[in-house]
Structures are given as structure tokens and as C-alpha cells.
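Just so you know, the protein sequences line up as chains A, B, C and D, in that order.
For the first sequence, the working numbering assigns the number 1 to the initial residue and increments by one for each residue that follows.
For the second sequence, the working numbering assigns the number 1 to the initial residue and increments by one for each residue that follows.
For the third sequence, the working numbering assigns the number 1 to the initial residue and increments by one for each residue that follows.
For the fourth sequence, the working numbering assigns the number 1 to the initial residue and increments by one for each residue that follows.
It is possible that some hints are incorrect.
Intra- or inter-copy, both count: the list cannot distinguish identical chains.
[Unchecked claim] 25 Å max Cα-Cα, derived BS3-like pairs, lysine-lysine:
1. 321 <-> 79
2. 148 <-> 199
3. 131 <-> 44
4. 199 <-> 76
5. 131 <-> 76
6. 199 <-> 131
7. 4 <-> 156
8. 305 <-> 45
9. 4 <-> 44
10. 44 <-> 305
11. 118 <-> 321
12. 321 <-> 331
13. 305 <-> 27
14. 331 <-> 45
15. 131 <-> 27
16. 202 <-> 51
17. 155 <-> 37
If you're looking for bench data, these hints aren't it; they were derived computationally from the structure.
4 protein chains.
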Amino acid sequence: MIIKLKQDINASQHQSLASLINNLGYKPTYVNTQFGKYLVSIGKKEIDLRKIGFEAGVEDIFRVDDAYKLVSSQWKIGKTVIDLGDDVKLGGNDFQIMVGPCSIEGEEQIASTIAHMKLNGVKIMRGGVFKPRSSPYSFRGHGIDTLKIWSEMAKKEGIKIITEVMQVSQIEEMMPYVDIFQVGARNSQNFNLLDELGKVDKPVMLKRGISGTIEELLQSAEYIFSNGNEKILLCERGIRSYETAYRNTMDINAIAILKDKSHLPVIADPSHGIGVRRYVDKIALASVAAGADGVIMEVHECPEKAVSDGQQTLDYGESAKLIAQLSEIRKIVS
Amino acid sequence: MIIKLKQDINASQHQSLASLINNLGYKPTYVNTQFGKYLVSIGKKEIDLRKIGFEAGVEDIFRVDDAYKLVSSQWKIGKTVIDLGDDVKLGGNDFQIMVGPCSIEGEEQIASTIAHMKLNGVKIMRGGVFKPRSSPYSFRGHGIDTLKIWSEMAKKEGIKIITEVMQVSQIEEMMPYVDIFQVGARNSQNFNLLDELGKVDKPVMLKRGISGTIEELLQSAEYIFSNGNEKILLCERGIRSYETAYRNTMDINAIAILKDKSHLPVIADPSHGIGVRRYVDKIALASVAAGADGVIMEVHECPEKAVSDGQQTLDYGESAKLIAQLSEIRKIVS
Amino acid sequence: MIIKLKQDINASQHQSLASLINNLGYKPTYVNTQFGKYLVSIGKKEIDLRKIGFEAGVEDIFRVDDAYKLVSSQWKIGKTVIDLGDDVKLGGNDFQIMVGPCSIEGEEQIASTIAHMKLNGVKIMRGGVFKPRSSPYSFRGHGIDTLKIWSEMAKKEGIKIITEVMQVSQIEEMMPYVDIFQVGARNSQNFNLLDELGKVDKPVMLKRGISGTIEELLQSAEYIFSNGNEKILLCERGIRSYETAYRNTMDINAIAILKDKSHLPVIADPSHGIGVRRYVDKIALASVAAGADGVIMEVHECPEKAVSDGQQTLDYGESAKLIAQLSEIRKIVS
Amino acid sequence: MIIKLKQDINASQHQSLASLINNLGYKPTYVNTQFGKYLVSIGKKEIDLRKIGFEAGVEDIFRVDDAYKLVSSQWKIGKTVIDLGDDVKLGGNDFQIMVGPCSIEGEEQIASTIAHMKLNGVKIMRGGVFKPRSSPYSFRGHGIDTLKIWSEMAKKEGIKIITEVMQVSQIEEMMPYVDIFQVGARNSQNFNLLDELGKVDKPVMLKRGISGTIEELLQSAEYIFSNGNEKILLCERGIRSYETAYRNTMDINAIAILKDKSHLPVIADPSHGIGVRRYVDKIALASVAAGADGVIMEVHECPEKAVSDGQQTLDYGESAKLIAQLSEIRKIVS
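From just these sequences and the hints, can you work out the full model?
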């Protein structure tokens with residue numbers, strides 16, 4: 001059950017509401033976000049919602065059967081639209097493409113990528129400066145200084161930045177330079193990191209775990225929302241299966257289901273999904289046909305020379321062609 | 001290595017070619033289909049193809065590295081187009097939709113379905129008369145007599161029929177009444193059945209195994225082709241994964257890969273794929289965006305009353321709307 | 001619901017019982033095996049079992065909630081023991097090891113294997129003469145003539161034979177020469193083959209499908225039992241997962257569950273399970289610790305020279321050592 | 001390549017060794033643990049190891065082909081034995097059982113568990129005070145104060161404690177009270193946490209990820225070792241598969257492989273593995289038969305009343321019986 005509170009609810013109203021909930025045998029969690037105030041109440045007894053609806057300080061009340069609550073479409077019918085400023089919006093009617101290299105390699109690469117983006121009307125640039133790697137001996141990214149340079153160059157051109165945050169201690173230092181924090185698949189249930197990202201007023205794109213269920217992804221998003229941050233994007237990036245003909249099994253089914261179960265925007269990552277350059281376009285197109293609100297893809301001036309993930313990275317020509325096709329598909333299904 | 005033979009190759013040419021192959025340390029298999037004659041030769045040694053190319057009786061010769069040979073796109077660049085007669089073609093530039101109930105229930109249902117098809121320009125009707133069931137106590141379909149009635153009604157209206165064959169002994173009795181034999185997921189590696197279907201001149205749609213790999217599907221298709229039947233359709237119908245939010249993980253990735261690796265047409269089965277009525281449309285659209293040559297989907301006048309699979313079956317309204325959208329997507333990607 | 005009938009039930013008693021069942025809204029299936037007569041009745045209504053228990057011709061009656069019925073331990077508390085003759089029994093207190101090559105290669109190999117078996121007290125020999133292969137161009141076994149020779153040599157030494165049957169047409173010709181028919185993983189839901197194996201009085205070892213569920217395995221066994229053959233062995237041989245460090249994920253969990261859910265003996269196949277020679281012993285030991293009634297394993301005089309599966313085959317020394325350890329483990333857990 | 005350095009290597013020797021490595025085109029990482037000094041060198045060129053072996057400051061040198069290095073058995077033939085003090089050792093010839101509740105609930109429960117342990121000769125107690133939960137609204141454990149009480153009670157009785165650490169900020173506060181830090185499945189690739197646990201001199205038990213590969217587990221262990229901590233235990237706790245008859249697919253295969261590929265001790269967690277109380281004993285026995293150096297299992301005075309995981313928890317009677325059987329199996333296989 002989600003109780004939407006009035007913005008001007010006062011302390012005594014709050015108190016009396018909380019005791020009412022407790023007396024009904026429900027456990028209340030108070031949530032205060034950049035957009036609203038909520039009382040999430042978890043319990044099993046059948047109760048008469050109207051009883052609560054008429055209480056002072058209550059704006060509205062919703063029954064939510066899902067295991068996740070605030071991110072569920074059961075209470076919020078309208079779609080969440082995330083505003084990155086400068087008229088760059090994502091979700092609902094606003095479709096966005098995000099392109100860029102796996103790793104940010106230097107100024108020349110940034111400039112070249114931005115030029116490609118401007119030519120093709122893309123407004124959000126992806127790229128890693130902190131890279132999670134299975135082996136401790138692998139390249140872990142160029143770090144915060146490179147992010148600062150990137151941010152400066154992007155801001156000049158009105159380009160927004162999405163990049164991965166790997167640990168709590170990085171949040172504050174990255175904060176001024178990123179427009180969207182990305183949480184990687186391996187951190188999809190790093191609840192500590194999710195808690196902290198829920199306390200900042202900055203969009204977070206949360207990737208599905210390597211073998212995460214759809215419900216686990218939504219519950220991880222609930223961690224962020226219930227800590228105070230409503231600006232969440234969900235990202236499907238492929239799951240593990242027995243098939244070895246590709247890198248991951250991009251789960252297009254999940255896109256359709258996430259769009260239905262949640263009001264949050266859903267982004268497709270075909271580069272990590274199928275993970276094979278020559279098929280990335282097909283999977284990107286399929287994702288948008290299935291309802292994705294955006295596509296994030298690895299693009300590099302020369303994929304053969306990329307320091308990482310070159311095998312799943314498009315060159316500028318491939319990228320430009322795909323961007324045009326994606327828009328056409330989008331028109332049909334939206 | 002595939003050696004395409006001349007149609008008029010004579011016995012002595014054939015003999016001398018076979019001994020040449022054997023002497024090179026390769027194992028030759030002679031294949032005679034409705035369209036051509038081939039000598040598939042398996043071996044590992046590096047050999048000079050031209051040596052064989054100049055032999056009498058040889059039309060052309062191709063190196064094929066794939067584990068599967070005759071179904072590979074490495075030797076046959078053009079796409080296989082399957083002609084069902086009455087100008088109904090499938091593959092290459094020819095896109096087809098197949099609709100119908102899970103089980104054929106009776107004349108009234110057949111008539112109603114055909115009417116829906118005619119209204120929406122659909123030319124191939126699906127439906128089961130022999131049903132594979134996990135439990136021996138479940139309904140196993142209405143059998144051959146129902147197929148005969150169905151066939152009569154369909155022929156009158158120029159409608160083609162696809163239905164499942166489950167065992168060798170059914171092939172002959174079904175032969176006059178079907179336009180495409182369907183091999184179900186559980187029989188995807190029933191090599192005995194595949195061998196026999198390779199000996200008839202009738203199209204076969206082969207479904208991927210419940211947890212079959214893409215390579216296994218192609219090797220199963222190779223069984224049919226190497227027994228003499230080139231008219232093969234491949235069908236992606238979802239695989240098993242850990243996710244329980246849907247019935248199967250429809251593997252759109254496989255569609256993109258099969259289209260690239262093989263010259264055979266690829267059909268998507270979103271009904272069994274995601275297996276949830278309200279999402280079937282999204283997955284059908286995604287499949288076509290990824291390159292599918294056709295879509296097979298369960299449609300029933302009243303899904304709630306279907307004797308089987310109602311939960312993944314569309315009604316006529318949903319079907320009509322989806323058929324229109326599929327054509328639009330197809331135009332963009334073809 | 002399973003109704004155990006009296007052996008001397010007469011036609012009119014049978015008739016009146018069937019109508020009673022039908023009137024209760026249940027669907028009866030009459031099953032007549034080499035050991036008993038049963039009426040399996042499927043339905044959902046709550047009914048008073050005593051009503052039926054007092055009917056003429058009824059020996060006993062059992063409620064079975066499982067999807068499978070006759071193979072369930074819910075009605076048959078005692079364990080099924082399969083008697084192969086010459087005092088070779090399997091199930092309950094009788095533990096058996098089965099060894100032999102992947103493919104039967106010739107007389108010398110047979111003689112050598114039998115000698116190894118006699119030295120180590122093993123009474124059942126495995127080996128393939130019909131081999132299912134993913135590719136139509138692979139070696140498919142030496143066939144029926146080799147089986148005849150093998151059978152003659154084995155009978156002289158009191159050795160029992162288990163070998164794979166791949167299609168209905170082979171059952172009759174193999175019948176005189178085998179002691180246990182093996183159904184391979186790819187045929188685990190070849191219902192046609194299961195139906196026919198249910199009609200012969202010969203033990204059948206049914207392997208779990210490549211990605212078959214435990215419930216599907218039991219339902220496939222139900223096909224055999226409900227056609228008249230109670231002599232069934234279940235075999236765990238590994239399932240498909242994302243892990244690539246071994247051939248299959250030998251699912252020891254399934255052994256524990258099958259032993260609990262069914263009265264049928266459970267055999268472990270560690271050779272196909274983990275599929276790596278140096279680990280076969282560990283997995284064999286673990287299987288017996290988890291409760292397996294038997295182990296089937298690939299053993300060859302010289303695994304490096306085996307025509308197939310050499311990488312997962314033990315030599316005689318490894319086999320002898322393992323057989324001794326298996327007996328010790330068995331003593332602790334039985 | 002791993003270069004074992006002499007303990008008294010001096011700065012200039014170190015310097016000249018590093019430049020030699022660099023000049024050979026290898027990337028050196030200097031590792032200083034509680035037991036030794038190493039130079040891990042990553043590169044692809046074939047080089048003559050003796051060249052380096054004769055350098056000043058070098059004790060020994062090993063070629064390691066595995067992706068993981070210091071945790072590989074390719075360089076360290078002997079098994080790692082972890083000494084918890086008071087003669088409680090783990091690894092090599094030392095087998096240990098760890099029991100206790102899912103969550104530490106209070107003093108009475110702790111006292112009761114310790115009494116059960118003393119009766120059965122168990123020396124390590126498990127229990128959670130910080131619980132990772134999929135939902136932000138679930139019970140997250142009783143926290144640090146409960147750990148302090150638990151630690152005091154355990155120390156009095158010579159009992160060692162293993163408990164889960166979820167985030168970097170908890171390491172320091174937990175340090176005085178735990179004997180083994182446990183890293184849960186969801187944090188198996190939380191590289192930040194692994195880095196920090198590599199900097200303390202306290203054993204760490206690292207669980208395999210929910211769908212982690214065997215190689216990923218070893219690479220995660222490499223994070224800990226390469227940061228300076230050699231005291232690592234690996235834990236198999238079940239993976240995700242399509243099977244729903246149990247909680248997770250306990251992967252006994254992984255135990256056999258980890259024991260072979262690494263010198264680190266391997267612990268089995270059958271409670272989370274199969275996750276069904278009535279089968280936990282079978283899976284524990286199988287794990288030890290496959291070579292596990294220890295078993296961690298959930299035990300509670302009254303599983304029906306446990307605040308979490310009751311469905312997979314043994315009572316004292318079941319635990320006592322199993323502990324006795326585990327020792328018998330261990331004797332046979334060690």
C-alpha cells in the first residue's frame with residue numbers, strides 16, 4: 001500500500017498517520033523524494049483503504065500487490081519522464097539514444113565522438129572512466145581527471161554525460177560532472193551503493209544483474225526510490241544462458257514486461273546484450289520495436305583500436321545508419 | 001566442403017569423384033534433393049579446391065567451415081525461398097504471417113479462423129491435430145480425421161496449412177493434407193523423424209529445442225537437407241532460462257544470427273516465446289525488426305474458451321491490429 | 001487418484017467402476033502392467049475415496065497430488081526393485097555399477113571390458129551400437145550385428161547389457177539381445193518411443209532431458225508405466241547451465257529429489273554429467289552419497305584411443321579404484 | 001607469471017627487477033601479503049623464466065596460464081591451511097563444519113546454539129547480523145551490537161565466528177568481533193569490497209555469485225590475495241538454472257574443480273544450495289564426497305520459528321546425525 005502524502009503534511013498529522021498504520025498491523029516506511037512524500041506500508045491483512053484516505057495529510061492511497069512498490073505502475077499510471085535540462089528528456093514520449101566508447105580514452109576521442117553525435121542529433125554521451133573488471137590486473141579506466149575534462153568539453157556542446165559509478169566514495173567526487181549515474185550489472189544488488197544513490201538528486205540508470213530477475217531489478221530500483229530519488233532508468237543488458245553463439249542473451253522480453261510493470265523509462269543496451277558488432281543493429285531495432293524508451297550503444301571512431309569492447313562497438317557509419325532506422329521504428333510503435 | 005554436382009553427372013564420373021575424395025582423406029556423403037545433387041565431404045586436411053573443381057561432373061565447389069554444411073550461408077549466398085503454390089512464398093523478399101488456434105477444435109472454429117485470415121490477408125493457417133504433452137493423461141489432439149476436414153475447407157479458400165507431425169508413422173497419412181510439416185521443440189533432435197522428413201518433398205518448419213543451441217538447430221536442419229529435402233524453415237520459439245516472469249525466453253538474438261549463418265527462412269513464434277497474451281505483440285514486432293521472415297502466432301475467436309494455450313492466444317481484434325503493425329516494421333527493415 | 005484393481009477383476013466390475021469414476025467427473029485411464037492393474041483417474045473435485053474403496057474389484061485406492069501418478073512415491077511406499085535375472089537386481093537395497101565404452105568397437109574390446117568387470121564384480125555392461133549425433137555426418141555406431149556378437153559374449157559370462165534404443169523400429173530387433181533399453185537425453189520427451197517401450201516387458205533406463213525438469217522426467221516415466229511397463233530406471237546425466245568449465249552441470253540435487261518423489265531406482269551418469277575424466281570419480285562418489293542406486297560410467301582399456309567420448313572415459317585402473325570407493329560410500333548412506 | 005620474492009629484497013633490487021619485467025613487455029603488480037612478497041607479471045610473450053630466476057631478490061618463479069594467478073594451484077602445490085587460533089584450522093587435512101542460524105536473534109539463541117555445537121564437536125558458528133535483502137522493506141539483521149554480544153559469548157567458549165560483511169564501512173567496526181568475514185553471493189564481484197578485505201589480516205570466505213562462473217570466483221579471490229590477504233576460503237552455494245524443484249542448483253561439480261584449480265580451501269553451503277530442509281543432508285554428504293574442506297549449514301533450535309530461512313534450516317537432531325555422517329564420508333575420501 002502506498003499513501004501519497006500532502007506536501008504540507010505537518011508533524012502531528014504524520015505521527016497520527018504512522019500510529020494508525022502500525023495499529024492496522026502494517027509496517028510503515030516514510031519516503032521523502034525530490035518530488036513527493038510517501039508512506040509505504042507493508043502488511044498482509046485486508047484493510048479498508050478509505051479509512052486511511054480520509055486522514056489529514058493524505059493526498060491519495062493505492063493498493064500495490066507487487067513486491068516492489070514505488071516503482072510499480074500499479075499506483076502511478078503516468079510514465080516517469082526524466083529531465084536532464086537543456087530540453088533533453090527521457091521517458092514517456094521522449095526517446096533518447098546514448099552513444100560513445102566503452103572507455104573514455106582522451107580529448108581527441110571525446111571531440112570526435114561529440115562531432116559524430118551532433119551530426120546525428122544524439123544528446124547523451126556514454127563512456128567509462130571507472131571500469132569494473134573480472135581480473136584485478138586489467139585496465140580499470142582513466143579515472144576522475146578524465147571525467148573532468150570530458151565534462152567540460154560536453155557542457156560546451158550541450159551534451160549530457162552518463163558514466164558508471166562503482167562505489168559509494170565516488171559519488172560525491174563525480175557528482176558535478178555527470179548527468180546520469182550508471183550502476184553496472186555486477187552492482188545491481190549492491191544495496192549499499194543503491195541506498196546512497198537514493199540520497200542524491202541525480203538520475204541513476206540501473207542495469208539488470210548478470211542473472212538478475214525482472215523482479216530483482218525492480219526491487220533494486222525500489223532501494224533508490226525509497227531513499228529519496230525518483231529519477232531512475234532501468235536498463236536491460238542481456239542475461240546469462242547456456243547459449244554461446246553470442247555474449248549475452250539480450251532479453252527483449254524483459255523490455256516489454258518492465259514497460260508494463262513499472263512507470264520508469266527502460267533503456268536497451270544491445271552492445272553488451274548480444275555483444276557482437278554485426279548484430280548490434282538488429283537487436284537495437286528489436287528493442288525499440290518492443291517498446292524501449294532509449295538505446296545505449298558503444299560507438300568508436302575505429303572499433304578495432306578501442307582499448308576495450310571493440311568487438312561489440314559500432315563505427316560512425318554504422319551508428320549513423322542505425323540511428324536513422326531507430327527513429328523510424330520508434331514512430332511506428334509509439 | 002560442398003561439391004555441387006551437375007544434374008547429368010553419370011555413374012562413372014560419380015565413382016571417380018568419390019574415390020578422389022576418399023584418397024584426399026575426406027569422407028563423402030552423397031546428397032540428392034528435389035533441387036540438386038551434392039557431395040558433402042568432411043575432413044580436416046588443407047586441400048586445393050581447384051583440384052576437384054576441374055573434375056568431370058562437378059559444377060562448383062565451396063569451402064564451409066561451419067559444423068553444418070548444406071544449410072550454411074557460406075556456400076549459398078542467395079536466400080532460400082519456399083514456394084507453397086498459389087503464389088504463397090516464404091523467404092527472401094517474401095514475408096508471411098501464420099495464424100490459428102493451438103488445437104483445431106472443429107469446423108466452426110476453422111471457418112471462423114479462415115474468415116479472419118481472409119479479412120487480414122493471411123495465407124497460412126496453423127493448428128494442432130497431434131499435440132505433444134508432458135503428461136500421458138492430457139488431451140493429445142483430435143487427430144487425422146480433423147486434419148482431413150480442415151484441409152478440405154482450407155483448400156477451397158486457397159489457405160495453406162501448417163501442423164505438427166510427431167512420429168514417422170504419421171508422415172504418410174498426413175502428407176496429402178498439409179502444406180508445411182511442423183517439427184516441435186521436443187523433437188528438435190529426434191534424428192529418426194528428421195531423416196524421414198528429409199525424404200519427402202514437402203516443406204518442414206523445424207523448431208529450436210527447448211534448450212537447443214543455435215548450432216544444434218542448424219545441424220538438425222542439416223539432417224533434413226542431407227536426406228534430400230531443401231524446403232526447410234527454422235523457427236525460434238523461446239528457450240529455457242532462470243527467469244520466471246514469462247513462459248520462455250524468446251531469443252530474438254537467435255533470429256539475427258540464424259539469418260546470417262543460414263540461407264533458410266526464419267520464423268518467429270512469439271506465442272510460445274514469451275507465452276503471455278498481453279506481450280505477444282511486442283515480441284512479434286521485435287522479431288520482425290530483428291529480421292524474421294515470418295511470424296507464427298496463436299489466434300482464437302475467444303482465447304478464454306480455447307481448449308489449450310488460451311493464456312498466450314490473441315483474439316481477432318488483437319491479431320488484426322498486430323498484422324498491420326508487423327507489415328509496417330517489415331517495410332523499414334527489408 | 002490411483003485405484004489398484006484386483007488381478008481377477010471381471011469385465012462387468014470394470015465397467016461399473018469406470019462409470020462411477022466418470023460420474024464423479026474424473027477421467028479414468030486403465031493401465032495393465034506385467035505386475036498389476038490400475039485405474040488412474042484424473043480430476044479436480046474433492047471426493048470421498050472410501051466410496052470407491054468398497055467397490056467390487058478394487059484392491060486399494062490412493063490420493064496422488066503429483067502431476068505424475070504411477071511413478072510417484074505417494075502411492076507406492078516400497079522401492080521398486082528391478083530383477084535382471086541371474087541374481088542381478090537394482091533398486092531398494094540393491095546397488096549396481098554399469099561400466100563400458102561409449103561405443104562398442106569390436107570383439108576384442110568387449111572381451112577386455114568383460115574381463116575388467118569380472119575382476120571388479122561389475123555385472124552390467126554399457127555400450128552404444130546406435131549413437132545419436134548432433135551432426136548427420138558423424139559416426140552413428142556399429143549397429144545391430146555388433147549388438148548380437150556382444151550379447152552372445154556377455155551371456156556366456158553372465159553379464160547383463162544396457163544399450164540405447166533410438167527409434168520405435170529398433171525395439172523389436174534389439175529385444176532379444178538387451179537387458180535394459182536406454183533412452184537418451186534427446187529422446188526424453190519422444191513420447192512415441194516411450195509409448196512403445198511401455199508395451200514391452202523389459203527394463204528401460206530413461207535419461208533426463210538436456211534441459212529437462214525433474215517433473216518432466218517423471219512424467220516421461222509415467223508414459224512408460226501407463227503403457228504397461230513398470231520396470232523403469234531414472235537417470236541423471238547433467239543439465240545445461242551457463243557454466244563452461246565442464247561439459248554439463250551434473251545435478252546431484254535431482255538425485256536426492258527423485259529418490260524422494262518416486263519409488264523408481266535412480267542411476268547417476270557422471271561421465272556425461274561433468275564430462276571431464278579427472279573429475280568423474282568425485283562426481284560418482286557424490287552421486288552415491290546423495291542416494292543414487294547405481295552409477296553408469298564410461299570405461300575403456302585406453303581412453304585416448306576410444307572412437308568417441310575419450311575425454312570423459314576412465315581407464316581400468318581408475319575404474320577399479322573408483323568401484324572400491326563407491327562401495328564404501330554406499331555402506332555409509334544406505 | 002608469478003615471481004616469489006625474498007622477504008629481505010631491498011629497494012634497488014626491487015627497482016631493477018621491475019624494469020626488467022617492463023622491458024620484457026610484461027606488466028608487473030607488486031603484492032605484499034601477511035605471508036610473502038610476490039611480483040605478478042602479466043603478458044603474452046614467450047620468455048625464458050631462468051633469466052628472471054637468477055636475479056637478486058628472487059626466490060622462485062612460476063609460469064601460470066590461468067586467468068587468475070596467486071590463487072591458482074599452478075604455482076602453489078601445497079594446500080592453503082587457514083589457522084583461526086585455538087587449534088582450529090581449515091584446509092589441507094583440516095576439515096571443519098560451521099553451523100548456526102540464518103540470523104542471530106538474541107542471547108538465548110546464541111547460548112543454545114553453542115551448547116549444540118559443543119555436544120557435537122563443532123568449532124565455528126555462523127549467523128547473520130547484517131542481511132542483504134532483495135527488498136528494501138525486509139528485515140536487515142540486528143546489527144553490530146548483537147555481534148558484540150555474540151562475540152563475547154563465543155570467545156568464552158572457544159567458538160569461532162563467521163558472519164557476513166556487506167560494505168566497506170563495516171569492516172573496521174566488525175574487525176575485533178569476527179574470525180572469518182563472509183562475502184555474500186550478491187557481492188561476489190563487488191570489487192571495491194574485495195579490495196578492502198584484501199588489506200586486512202583476517203580470513204575471508206568468498207561465495208560464488210548467484211550466476212558466477214568458477215573462473216569469476218577465482219578472479220574475485222585474486223582481488224583479495226593481490227591486495228595482501230592470503231587467508232581466503234571459497235564457497236559453493238548453488239547457482240541459478242531453469243529448474244524450480246529446489247531453491248538453487250547446488251553445483252557439486254564446482255567443488256571438484258575448485259579443489260583442483262586452486263590451493264584455497266573450499267566450503268559447501270548446502271542450505272542455500274538446494275534450499276530444502278529435507279534434502280540438505282544428502283547435498284552436504286555429496287559435497288564432502290566430492291572433496292569439500294568444510295560445510296556451512298543453517299541450524300536452529302526450532303526452524304519453524306526462525307526469523308529467516310526456516311525452510312532450509314536443520315534442527316539439532318538432524319544436525320547431530322548429519323555431522324556424524326559427514327565425518328565418516330570425509331574419512332573415505334581424504
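Here is how each hint holds up against the structure:
In this assembly of identical chains, the alpha carbons of residue 321 and residue 79 lie at most 25 Å apart only when taken from different copies (24 Å versus 29 Å within one copy). For a Cα distance limit of 25 Å, the shortest separation of residue 148 from residue 199 inside one copy, 22 Å, qualifies, whereas the shortest one across copies, 29 Å, does not. Taking the closest pair of Cα atoms, residue 131 and residue 44 come within 25 Å of each other only across two copies (22 Å); inside a single copy the shortest separation is 42 Å, beyond that limit. Taking identical chains as interchangeable, the C-alpha atoms of residue 199 and residue 76 lie at most 25 Å apart only when both belong to the same chain, with a minimum of 21 Å there against 46 Å between chains.
Proximity of residue 131 and residue 76 under a CA criterion of 25 Å is satisfied in neither setting, with 35 Å inside one chain copy and 30 Å between copies. In this assembly of identical chains, the alpha carbons of residue 199 and residue 131 lie at most 25 Å apart whether taken from the same copy (23 Å) or from different copies (21 Å). Taking CA atoms no more than 25 Å apart as the test, residue 4 paired with residue 156 passes in neither setting, with 40 Å inside one copy and 51 Å between copies. Taking the shortest Cα distances, residue 305 and residue 45 sit within 25 Å of each other only across copies (20 Å), while inside one copy they are farther apart (60 Å).
For the homomeric pair residue 4 and residue 44, the shortest alpha-carbon distance inside one copy (19 Å) is at most 25 Å, but the shortest distance between copies (44 Å) is not. In the homo-oligomer, the alpha carbons of residue 44 and residue 305 lie at most 25 Å apart only across protomers (19 Å), although the nearest pairing inside one protomer, at 57 Å, exceeds that limit. In this assembly of identical chains, residue 118 and residue 321 lie within 25 Å of each other by CA distance solely inside one copy; the values are 14 Å within and 37 Å between copies. Taking CA atoms no more than 25 Å apart as the test, residue 321 paired with residue 331 passes in both settings, with 16 Å inside one copy and 16 Å between copies.
Proximity of residue 305 and residue 27 under a CA criterion of 25 Å is satisfied inter-copy only: 20 Å between copies versus 55 Å inside one chain copy. Taking identical chains as interchangeable, the C-alpha atoms of residue 331 and residue 45 are never at most 25 Å apart, the minima being 45 Å within one chain and 51 Å between chains. In this assembly of identical chains, residue 131 and residue 27 lie within 25 Å of each other by CA distance solely across copies; the values are 18 Å between and 39 Å within a copy. Taking the closest pair of Cα atoms, residue 202 and residue 51 never come within 25 Å of each other, the shortest separation being 36 Å inside a single copy and 54 Å across copies.
When the C-alpha separation of residue 155 and residue 37 is checked against a cutoff of 25 Å, the pair qualifies neither within a copy, at 32 Å, nor between copies, at 46 Å.
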